[in-house]
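Peer 1: If you want the building blocks of each chain, they are given just below.
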Amino acid sequence: MVAKIPLTMLSENEEAVIVKVNGGMGLTRRLSEMGFTYGAKVKVLHSSPPGPILVVVRGSRIALGRGVAMKIMVSLEADA
Amino acid sequence: MIIRVAVIGNPNVGKTLIFNNLTGGRAHVGNWPGKTVEKKEGKCLHKGVEMQIIDLPGTYSLTANSIDELVARNFIVEEKPDVVIDIVDASNLERNLYLTLQLLELEANVVIALNKYDVAKDLGYEIDVKEVSTLLGAPAILTVATTKEGMEELKDVVMGAAKVKDGKRQFLISYGKRFDELILRLVCVLQKDEELSSKYPITWLAIKILEADEEILKLVDKSPCKHEIINQLLETKT
Amino acid sequence: MSEKIKEILGEDAEVAFAERRYALISEILPRILKGVRPLTRSDLLDKALLNKYLGIPIFLALWWALFRFTFDVSAPFSDLIRMFLSKLGEISRVSISNQQLASFVADGVFGGLGGVLGFLPPIFFLFLGLAVLEDSGYLARAAFVVDRIMYKLGLHGKSFIPMLIGFGCNIPGVMATRTIDKEEDRILTILVNPLMSCSARLPVYVLIGSAVLGGYAAAGIYSMYVLGIVLAVLMALLFRRVIPYFKGKPSPFILELPMYARPTLRGTFSHMWERGVLFLKKAGTIIFLGIIVVWFLSSYPWEAVHHGDNFLLENSYLAMLGKGIEPIFRPLGFNWMGAVALFFGFIAKEIVVGTFATLFGLAAGGTGEVIPALRVSGIFTPLTGLAFMAFTLIYIPCIATIAVIHRETASWGWTIFAVVYGLILAYVVALAIVGVGGLFGHV
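Protein chains in written order, with the numbering used here: chain B, 1 to 80; chain P, 1001 to 1238; chain R, 2001 to 2443.
Careful, some of the hints might be misleading.
Claimed, not checked - Below, in silico cross-link-like pairs of lysine to aspartate or glutamate (EDC-like), each with a Cα-Cα straight-line distance of 16 Å or less:
no. : chain 1 : residue 1 : chain 2 : residue 2
1   : B       : Lys41     : R       : Glu2027
2   : P       : Lys1130   : P       : Glu1153
3   : R       : Lys2052   : B       : Glu12
4   : P       : Lys1199   : P       : Glu1050
5   : R       : Lys2034   : P       : Asp1122
6   : B       : Lys41     : B       : Glu15
7   : P       : Lys1199   : P       : Glu1107
8   : R       : Lys2006   : P       : Asp1221
9   : R       : Lys2034   : P       : Glu1131
10  : R       : Lys2004   : P       : Glu1235
11  : R       : Lys2034   : P       : Asp1128
12  : P       : Lys1121   : P       : Asp1156
13  : P       : Lys1155   : P       : Glu1050
14  : R       : Lys2004   : P       : Glu1215
15  : P       : Lys1040   : R       : Glu2274
16  : R       : Lys2004   : P       : Glu1214
17  : B       : Lys41     : B       : Glu14
18  : P       : Lys1226   : P       : Asp1180
19  : R       : Lys2247   : R       : Glu2183
Said to hold, decoys possible - If you want the footprint, here are the derived chain R segments under chain P, 3+ residues with CB under 8 Å:
no. : region
20  : 2022–2028
21  : 2252–2259
22  : 2262–2273
Just so you know, the hints here were simulated from the structure itself, not pulled from any lab data. Glycine residues also receive a C-beta, built at the ideal position from the N, C-alpha and C atoms.
Construct all of the structure, not just a fragment, from the sequences and the given hints.
Peer 2: Okay, structure coming up:
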C-alpha cells in the first residue's frame, strides 16, 4: 500500500516521490513544467510553517507556498 | 544577408549577459506590440555577417499559461527566426532541458548554449557536449558568459546553423501508444487545413491540441477541420 | 473547446505530456551528465538566510544597508554635481547680457540640469546595489522570507521586492513588478507602490520637518515612512475586497531559488547601467522640462516679477496659479505657496524644495537656506506641516512614475485610477491629521 501524503507533511531533509498533483488546471500544468511530475523525487530542504517550503526537485531548488505544496501528494516509500 | 537570431532560456541562466556579449551592450529596448513585456533587440557583426539578435522573455516552458511564454512562442512560430539560441544552465541541466525539448518540438532551429559551465565544473559535473548534440539533434556549445568563454565559438555555430535551417530532421518524442496514434490521426486531419498547416508545424499543433492549449484551441475552433478533429478523438475514446 | 477535449481525453492527458518529456530527459541525462550535485555551499548558506528566526532580521539588515550605502555614498557625488552646475549657472548669468536669456540659461537650463543630474548618483547606486542583490541570488530568498507575511496581507511574496525598491524610487519599483506572473497581483502591487515613500520625497520631509516640527522633526519624518507602509497594506486589503478585478487570493507562490553566485563586476555594472539609462531617459527628460516650466511660470510676466531690483514672485504666473487653486487646499491649512509646491510636486517631488526656494526668492541651491526661510514665513504650523508631508507622501506620484505605470499596465484606466485614488486618499488623510489635531487643541 502506498501512503499518499501532502508534501507539506514532510520534515526537513526528508525525501519522497511524487504520486499525484492536485489542483486547478493552471497550477498542475505549471508545476509539471517545473518538474513536479509523477515519479519525480523531491527532498525538503527547508520548512517552517506557515511560510513557504523549499524543496529540491530535478536538481533545482524551488520554493512553494504552503497552499501549493499541500496539493502535491507524495509517497515516502521508494519505487519498486 | 542578415541572420535573425532569437535568444531564449529559463530565468537565471545568464541570458542577459549572453545577449549583452553578443550585442556589445548596445540594445534597443521597447515593448512587444500590445503587451507589457519588454522586447530587447541588438546587432552583432561577426565575420562580415550581420546578426539581428532578439531577446525573448525568460521562461520555463512554451505553454499558453503566461504572456511571457506566449510572446516567446508566437515570435518563434510567426517570425520564424533563422536560429534560436537556447541558453541552458549547465549546473541545472535537468529542468532546463524541458524548454529545449519544447523548442525542438516547435521545430525551431536550435543551438544549445550550455552556460555557467564553470559552476557546473565546480559542482563536480562533467558534460558530454557531443552526446548532447547527437541526442538532441542540435549543435551544443559550452559557454561561460561571465568570462566570455565560448562566445566566439557560439557565434560561429550560430552562423553555421543558419545555413542549414531548412534541412533539419524532425525531433519526435514518443508519448506512448495511445497518444502517438492520436497525434498521427490529428496530423492527417490538420494537413487538410491549408492555413494552419502552412503557418504552424503540424505535429506540434497536434500535440498542443491534445494538451488542451488555450491559444491553439482558439485557432482550431475557427478551422473547417474542427469537427473532424473532435471525431478523431471520440473514435479513440476507450 | 478545451473543456471538450479534456472531457474526451480524461484529466490526466495534459500532464501526461509533461511527464513524458521529463521521462525522456531522465533517459538522456545519464548519457550526457556525470557527477552528482551534493549539498552545496548555497544550500548551507540558505540554512542561515532562510532560517525561521534569522531570515527576516537578516533581510531587514541587508535592506537597510542597501539604502544606507546608496544614500551615503552617492551624497557627495550629488553635491558635487549640483555645485558644479550651479557654478556654471552663475558664470552664464554674468556673461549673458540679455537678462531674460541669462535667467533662462542660469536658472532654467542649469537649474534643470542640476535637478536632474543631481539625483542620478543615488539612482545609479540604488540600481547597483539591487543588481548585486539580484545577481548574487539573494533577492529570491528575500521574497521567500517575506512571503508568509505578504500572503496574509493579500499580496504576493514577489510583491515585496518591488515595494522595497519603491523606497528608493517608485519608477524602478513599478518596473520590478514584472516578475509577478499573475496580472491582477501585478497591477495591485503597482497601484500601492507609490505609497512607498521614495527618496525624492525625503527632502520635502526634511524641509518641512526641520522648519516647523522642531525637536520632533526626525519622528515626523520617520512616521511618514510608517504611514506609507500602513496605507499600502490597507489599500491592498481594501482593493482586494472591494474591487471585483482583484477578488480572490494571490496567485500561487512558486519561485526558483538560483544558486548563490558571486556577482561579476561586468554583469552587475551592465544591469545597473541598463536600468539607470532607461530611468534617465524616461524620468530625466520629464523632470528637466518640468523645471523649465517652473522657471517660466515663476519668471513671467517678466516686467511684473523683475520690478527694479526686486524679485516679486507674487506677480508671477506661478503665484496666480497658486492663488487659483488655493481654495481647494484651505481646509488643509495650506496657502497658495503650498498649493503651488504641491502642484509642481506632481511633476517631480524633487522640484518641491526648489519651488519653495523660488517662492522665497532664493537661488535653488540647497535646502539649507530654505529651511529658516520657511520657518520664518509661518506658512505652516506643526500640524499643517505634518499634513503637508502626508499629502506629499500620498498624492500622485511624479509624472515619470505615472508614465511608467501607464507603460506597465498598458491601460489608461488603471493609470487614471492610480492618480485619482492617490489624490483623494491624500486629501482625506491630510484633512484627518488637521482635524484630529484640532480636536486635541493644536492648530
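Peer 1: Find the hints from earlier in the document that the structure breaks and name them by number, from lowest to highest.
Peer 2: Numbers 4, 12, 18 - these are the hints that the structure violates, sorted from lowest upward.
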